[in-house]
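Chemist: Given next are the chains, with one letter for each unit.
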Amino acid sequence: DTGVSQNPRHKITKRGQNVTFRCDPISEHNRLYWYRQTLGQGPEFLTYFQNEAQLEKSRLLSDRFSAERPKGSFSTLEIQRTEQGDSAMYLCASSPSGLAPYEQYFGPGTRLTVT
Amino acid sequence: DAKTTQPNSMESNEEEPVHLPCNHSTISGTDYIHWYRQLPSQGPEYVIHGLTSNVNNRMASLAIAEDRKSSTLILHRATLRDAAVYYCILNTGTASKLTFGTGTRLQVTL
Numbered sequence: 001d002t003g004v005s006q007n008p009r010h011k012i013t014k015r016g017q018n019v020t021f022r023c024d025p026i027s028e029h030n031r032l033y034w035y036r037q038t039l040g041q042g043p044e045f046l047t048y049f050q051n052e053a054q055l056e057k058s059r060l061l062s063d064r065f066s067a068e069r070p071k072g073s074f075s076t077l078e079i080q081r082t083e084q085g086d087s088a089m090y091l092c093a094s095s096p097s098g099l100a101p102y103e104q105y106f107g108p109g110t111r112l113t114v115t
Numbered sequence: 001d002a003k004t005t006q007p008n009s010m011e012s013n014e015e016e017p018v019h020l021p022c023n024h025s026t027i028s029g030t031d032y033i034h035w036y037r038q039l040p041s042q043g044p045e046y047v048i049h050g051l052t053s054n055v056n057n058r059m060a061s062l063a064i065a066e067d068r069k070s071s072t073l074i075l076h077r078a079t080l081r082d083a084a085v086y087y088c089i090l091n092t093g094t095a096s097k098l099t100f101g102t103g104t105r106l107q108v109t110l
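Chains as they are written, first to last, in the working numbering: chain A, 1 to 115; chain B, 1 to 110.
It is worth saying that the hints were derived from the structure and are not from the lab. Be aware that a few hints might be false.
Claimed, not checked - Derived SDA-like pairs (lysine to any residue); straight-line CA-CA distance at most 20 Å:
{"hint": "1", "chain 1": "B", "residue 1": "K3", "chain 2": "A", "residue 2": "G72"}
{"hint": "2", "chain 1": "B", "residue 1": "K3", "chain 2": "A", "residue 2": "G98"}
{"hint": "3", "chain 1": "A", "residue 1": "K57", "chain 2": "A", "residue 2": "A88"}
{"hint": "4", "chain 1": "A", "residue 1": "K11", "chain 2": "A", "residue 2": "L55"}
{"hint": "5", "chain 1": "A", "residue 1": "K11", "chain 2": "B", "residue 2": "T99"}
{"hint": "6", "chain 1": "A", "residue 1": "K11", "chain 2": "A", "residue 2": "K71"}
{"hint": "7", "chain 1": "B", "residue 1": "K3", "chain 2": "A", "residue 2": "R111"}
{"hint": "8", "chain 1": "B", "residue 1": "K97", "chain 2": "A", "residue 2": "V114"}
{"hint": "9", "chain 1": "B", "residue 1": "K97", "chain 2": "A", "residue 2": "E28"}
{"hint": "10", "chain 1": "B", "residue 1": "K3", "chain 2": "B", "residue 2": "I64"}
{"hint": "11", "chain 1": "B", "residue 1": "K97", "chain 2": "A", "residue 2": "E56"}
{"hint": "12", "chain 1": "B", "residue 1": "K97", "chain 2": "A", "residue 2": "G72"}
{"hint": "13", "chain 1": "A", "residue 1": "K57", "chain 2": "A", "residue 2": "G40"}
{"hint": "14", "chain 1": "B", "residue 1": "K3", "chain 2": "A", "residue 2": "K71"}
{"hint": "15", "chain 1": "B", "residue 1": "K97", "chain 2": "A", "residue 2": "N30"}
{"hint": "16", "chain 1": "B", "residue 1": "K97", "chain 2": "A", "residue 2": "K11"}
{"hint": "17", "chain 1": "B", "residue 1": "K97", "chain 2": "A", "residue 2": "Q54"}
{"hint": "18", "chain 1": "A", "residue 1": "K57", "chain 2": "A", "residue 2": "G42"}
{"hint": "19", "chain 1": "B", "residue 1": "K97", "chain 2": "A", "residue 2": "E52"}
{"hint": "20", "chain 1": "A", "residue 1": "K57", "chain 2": "B", "residue 2": "T99"}
{"hint": "21", "chain 1": "B", "residue 1": "K97", "chain 2": "A", "residue 2": "Q41"}
{"hint": "22", "chain 1": "A", "residue 1": "K11", "chain 2": "B", "residue 2": "P40"}
{"hint": "23", "chain 1": "B", "residue 1": "K97", "chain 2": "A", "residue 2": "T76"}
{"hint": "24", "chain 1": "A", "residue 1": "K11", "chain 2": "A", "residue 2": "T76"}
{"hint": "25", "chain 1": "A", "residue 1": "K57", "chain 2": "A", "residue 2": "K11"}
{"hint": "26", "chain 1": "B", "residue 1": "K97", "chain 2": "A", "residue 2": "S97"}
{"hint": "27", "chain 1": "B", "residue 1": "K69", "chain 2": "B", "residue 2": "S28"}
{"hint": "28", "chain 1": "B", "residue 1": "K97", "chain 2": "A", "residue 2": "E44"}
{"hint": "29", "chain 1": "B", "residue 1": "K3", "chain 2": "A", "residue 2": "Q37"}
{"hint": "30", "chain 1": "A", "residue 1": "K71", "chain 2": "A", "residue 2": "E56"}
Given the structure is predicted, the values throughout are model-derived calculations rather than measurements.
Based on the provided sequences and hints, a complete structural model is requested.
Modeler: This is the structure in structure tokens:
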């Protein structure tokens, strides 16, 4: 078990460019979550998948954001036409699903800087 | 989501116990109390969770008030590696997202 991995770890982009981040969850976990964290704040929920189905999206996830999990394994988060306000740490987490309150395992995050 | 209230920061000396409080007066009967921590430059890490009874694991203990309106995370012997932001989160058993507040920043000194 190598844990949740995220790539890239850092991304610097110019305003208006598109960026895509990848998350590889723990292999037996069927739930995958995306969060965003800005400096001095706790992580904020963006969206989550159960297998390949996207079951919930936050109002924070504007039309410029899209997330996919095509085969129920890895996931990608794309931001189109980036803005300076998109600068943040983007965190991915995974967990099993079921009736128990399973803990979420977080990756190290992708730090996005929009210049 | 029911809200939690935590102190912004706390300090502790190394090898002493630390009690991190959390108030959640609007907790519902189905809410579990979760604690996560975030070390510098890392993603959050699960610490412990409980419903009504006190819980112990290798990392910490969770003491839950009888009326469930508050709880305390106990680190029995703080080390420098425990310096982190600690988040107290309420979450129903099958709910998806975690709703983080700003947490308590714990500083541990020699």
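Chemist: Hints numbered earlier in the text: which of these fail when held up against the supplied structure?
Modeler: 1, 2, 4, 5, 6, 7, 8, 13, 14, 16 and 25
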